[in-house]
Structure formats: structure tokens, C-alpha cells
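Sequences listed follow chains A and B, in order.
Under the working numbering, think of the first position of the first sequence as 1, with each following residue one higher.
Under the working numbering, think of the first position of the second sequence as 331, with each following residue one higher.
Source of the hints: derived by calculation from the structure; they are not laboratory data.
Certain hints may be false.
[As the list claims (entries may be wrong)] Here are the simulated DSS-like cross-link-like pairs (lysine-lysine), alpha carbons at most 25 Å apart as the crow flies:
id, chain 1, residue 1, chain 2, residue 2
1, B, K621, A, K7
2, B, K586, B, K628
3, B, K530, B, K571
4, B, K571, A, K21
5, A, K13, B, K530
Listed below, chain by chain, are the residues.
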Amino acid sequence: MKELTLKSHRFRKERESEWRKLEDILTRAEASSAKALTDDEIIALPVLYRSALSSLSVARAISLDQSLIAYLESLCTRAYFFVYGTRTTFLKRIIAFFARDWPAAARELWLETAIAVALTILGAVVAYVLTMRDSTWFYSFVSPLLADGRGPAASAEELRGTLFSEEASGLSIFATFLFTHNAQVALLAFALGFVFCLPAAYLVLYNGMMLGAFIAVFASKGLGFEFGGWVLIHGTTELYAIALSGAAGFRIGWTLAFPGNLSRVEAMSAAGRKAAIVMTGVVIMLGVAGALEGVGRQLINDTGFRYAIAALAMLLWLVYLYVPREDSGG
Amino acid sequence: MSTADTQARPAVAHVGREPYATERVRELITPEGIDLQLRLAEVSERATAFLIDGAIIIGVLAGMTLLAFLTMFSVGRSSIELTAIIWMLVSFFLRNFYFMAFELTPKGATPGKRAMGLRVATRNGEPLGFDAIFARNAMRELELFLPLSFLFIYGREAGGWGALAGLVWCAIFVFFPLFNRDRLRVGDFVAGTWVIRSPKRALELDLAAGERASSVVITQAEADVYGVRELSVLEDVLRRKDPATVQAVAVRIRGKIKRAKAQGETDQAFLEAYYLALRARLEARMLFGHKRRDKHDKA
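So here's chain A without its partners, still in its complex pose (with noise of 0.2 Å):
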């Protein structure tokens, strides 16, 4: 029965120089990049990955060497990851981020938008209409924290001196503040749309209240008008990325509970991509008001001016993410 080589044994040794080579490039393309390859390496590295396949496949067949099975699916995996992963660059990347597929996204998350637009005015309407009739609604509303003595019982001329500022010190560190905080809290209403969209909604509809109170305290001292420009100046920007947040977050807690014609599982990624392309658009919406807010309104004291800041600022937004394109097929 004692043959002279076992056919495995043999098969082992004629290959096993190809899956070394293979092994040697994707050691050195998995530390860098492909860069670090040169073109011939490159050219090689598919027909070496289909070779390791059908090795693969040849050892299941005619191997009982574990260790052999073991290191080719493994290799064999690498180099799948490696041939079928995302060939674009970086800089691709941005780019197509950039020109097609963020307003893509928001564009089809539309309706959820247009939910928590709605959301946020209701909010703002209610706690204003309540803080108008009663003014210690507004506690109900804002933190003591958040409020800074901006409460009804503040006089006219103290408001007025929330909204103007004079000095130009900490303005950076302020608008740093502003938007790591406020990415915090839009990524959260995001995750918090998971739970079935309600905390994500209450998050949003909050979100309007808060300001709906603080409308009704400067508009009760007469100062409704130069309050809206102080608020706007960033706050387009900034309502508006907080409203598309709450918008990622109820396209996966609805598609948690009403997946549609997909398994659960495959809508739920489906939709979990579709949000997560939004939510990055919100965090660099969030960085922009950012900048406006923590900067642009401390310079800038001209109510007039400031409305117009805001009114240029929503109308790029929604220029940019809903006109549509001509690329934009899917």
C-alpha cells in the first residue's frame, strides 16, 4: 500500500512557490497600499489569487492536511478581500462623496426630512404659543444651564446684550466647542433612530421647542426680529443638519419596523448605508455652523446682515443637495 510520495504531498510541492509569491504581495500591499506594488506585481496578483483558489479547491478534494486547508483558506481570503476590495482612492472617494452621493442620499431620504422640518416648526410653535401665554412654560423648555439668564425674567436691555457682542477673544475655541458638541448630539439623535424613530423624534421635535421658547422670551421684549438673525445666522445651517440627522435616524428605526419587500436584514443595511452617507453630510454641516456661529455672528452685529448670512446659507443647501443632476441616474 506504501506509495512513494502521496499525491497531496506532491501537489503541495508544485505549488506551494505560487502561493508563497502570492503571500509575499499581499503582506507588502496589506501594510501600505497597493502603491507599494509594482505593475508587474499588480498584473500578477488576480491570476496568483485565482490559482490559490483552485488549489484551494483541489486540496479539499484530495488533502487531509489541515494545516495545507487551513493556511490556503486563509491566504486565499486575504487575497479575496484584497482583489474584490474598493480599488478608488481617497481622493476619489471625496469626490464622488461630494458630487453625487451625499445629495443623492438626502434627496432620498426626502420625505423623512420633510418629517422632521415639520417636527421642529410644530415644536417651535407649541412652546412658543405656551411661553407667549405663560411665561414660566419657558422653564419647561430650556436647562437653567442652556438658558444663561436668558430666562422671561431678564429685562430687555440684557437680552439685547446676549445678542450684540463687543469683544472677539475665544471666538475659535467657541465654535470648536459648538461643533464637536453639536456632531455629539446629531449622531446621537442618528443611533437613537434605531429604537423605532421616537427618541430620535422626541430629539428633534425638542430640538424646535428649545427655540420656540427662546423666540417667544426676545419677542415678548420686542426683540423677536433681532433675535431671529442672531439664531438664523448659523441656525439654517444648523436646524437643517439636525432635522437630516433625525431624517437618517427614522429611515432605519422605519425600516427596523417596516422592512418592505427585503428581508429585514438586508433593508435594514440597505437603509443603515443610505442614512450613514447623510450623517457624514451632517457632521460637515455641523463644522460649517459651526464656524458661523462661534465666529461668523460674533463679528458680524448687523441684524440685517445676519438674515442675509442665513437666508444665502439655506439657499446653497438646498440648491447643492436637491437640484438635481445629470450623473445622478441612481
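Guided by the hints, dock chain B onto chain A, whose structure is given.
Using the frame of chain A, we list chain B on its own:
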């Protein structure tokens, strides 16, 4: 009864794999038509990887803070603004983009995952895009940071029942991976990804390479005692070369095939010869279409 029995014993056994591991094996058919048989990461491995990453993040933050204080003391108050901005941005980006940035690399893994031999992959085999990576990591807000802030901040304000309700709510997300068979956390579920084992394996020596030196002769009848499962156990024993185990296994096999220890025959040499004979026999039968699973498989 009988259908249940046949189901419990699949026609094609997973060769040379520990029996407990097969329930974590997932099919991934490449476009070339080969099943790569991915293995999912264990929850324990992922937890370890996460602890490593967490330690790195906290370490960098602590270093940053120390550096910020040192700059403030040496340069003076004029640097406070810049230092504060840098500190805030770094902590924000570490918290939110540490995982994303590393998972975007060709290895698809953070340093912790790399150390554990794991990587992130999409469940359907597509390339792992930025959107999926963002989605799976943004969900950490829900799974990790919300429970943490609840434990340390809101829990105290909420009072007894409120705190309990909050803890239960958080526990649902923290322990989510334990309640589904693919070990998905909420982020994986939302992004369509999973975490698989992707260890770098070295090609080990073929145990069949040293055959010509052997003087021990094993007959076909002696080799017919065992099946594939026993062969893979024997392979492990031979690769580990632990003297006590080698001796115990040699005694066991000699007893099974009723063969006395020959003059001058070492246990290691006997096992090597037996491994070779058994593998030759089983591989020959496999070529004729029969893969003998284990010693109970009489066909």
C-alpha cells in the same frame, strides 16, 4: 427520528476542523465559485480587541492632556486657545473616527482587531465602503457612549426605578451580539457587516515530507481503523510534539491496532509512520469518492 439523525450528520464533514467551530463557519462564495468558509469572530475576541482599542484611545487622550498642560505651563496663557482647540478636536475625532479611519484601510481592522486577527467585512461579500463603516461605528453612540454617560451622569439623577429601566434599556444594546447567531452588534446589523477571523497563517511543514526515512511498516488493515477526525487529531499531536501526549497517543493507537512496540522504535517515529499510512489510505479512498468521517464510519 431518522430524519433528525441524518440531519445531525451532514454528508460532507468539515475536514480537520474542531467540531465546536463549525457553527461559526459562514459561506462566502467568490465570483469564481469557491466557498471561502469564513469563520466569525468570537464575542470574547471582539471584546478583547475593543479593550485594546479603548486602551489606545484613552492612552492617546491622556498623553494629549498631559502635553496640553505642559504647553500651557511652559509657553504661558497665550497658547491656551490653540491648545484647547486641538484638544477638543483630537478627542472628538478619536471618539468618532478612530475606528472608521482604521477600518477604511485595506486590512479593514483597527489595531485591536489586527492584534486579535480579526477584520470587518460586508455580509454579502461586497467591498467594504465608507458608508457601511460610518454606519457601524456611528451606532456606538447607542451601544457604548449612551450606556456610559447613563452610568456616570444620568443614572444618579434618575433615581431607583428610572436607573433600573435605563440599565435594562442599555443592556439590550450592549448584549445584542449574544442574542443572534451571526454575533452582530447593532452597528453590524445596521451596516450589513460582520467581524470575521482573518488570521495570517504560515505554511507549516508537510508531515508527509519525511516519509522515506521511516522504517516502521503499517499494514492496510492497521490503517483502516481510523477516519478523518482521528487523522486531524493525530496531526495536531505531531505538530505540537508534546512528549507526554505523543506517548499517550502512541500507546492508545498500538492498543487499538493490537501491535506491540518494536525494538528501537520511538513513539514519535511510530506516530509519524502511522499518520502517513492513515493519510495515504484515507486520501486514496477519498479519490474514489468516499471520505471516512471518523472511526465509527464503517461504510
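For each hint, the structure was consulted:
1. Distance hint between K621 of chain B and K7 of chain A is fulfilled; the C-alpha atoms sit about 16 Å from each other, no more than 25 Å.
2. Proximity of K586 of chain B to K628 of chain B is assessed by CA-CA distance (about 16 Å); at most 25 Å being required, the pair is judged to hold.
3. Between the alpha carbons of K530 of chain B and K571 of chain B the distance comes to roughly 22 Å, so the proposed pair stays at or under 25 Å and holds.
4. Note on K571 of chain B and K21 of chain A: the hinted pairing is violated, with a Cα-Cα distance of about 29 Å set against a maximum of 25 Å.
5. Straight-line distance between C-alpha atoms of K13 of chain A and K530 of chain B comes to about 21 Å, which keeps the hinted pair within the 25 Å bound.
Against the hints set out earlier in the document, a violation occurs for number 4 only.
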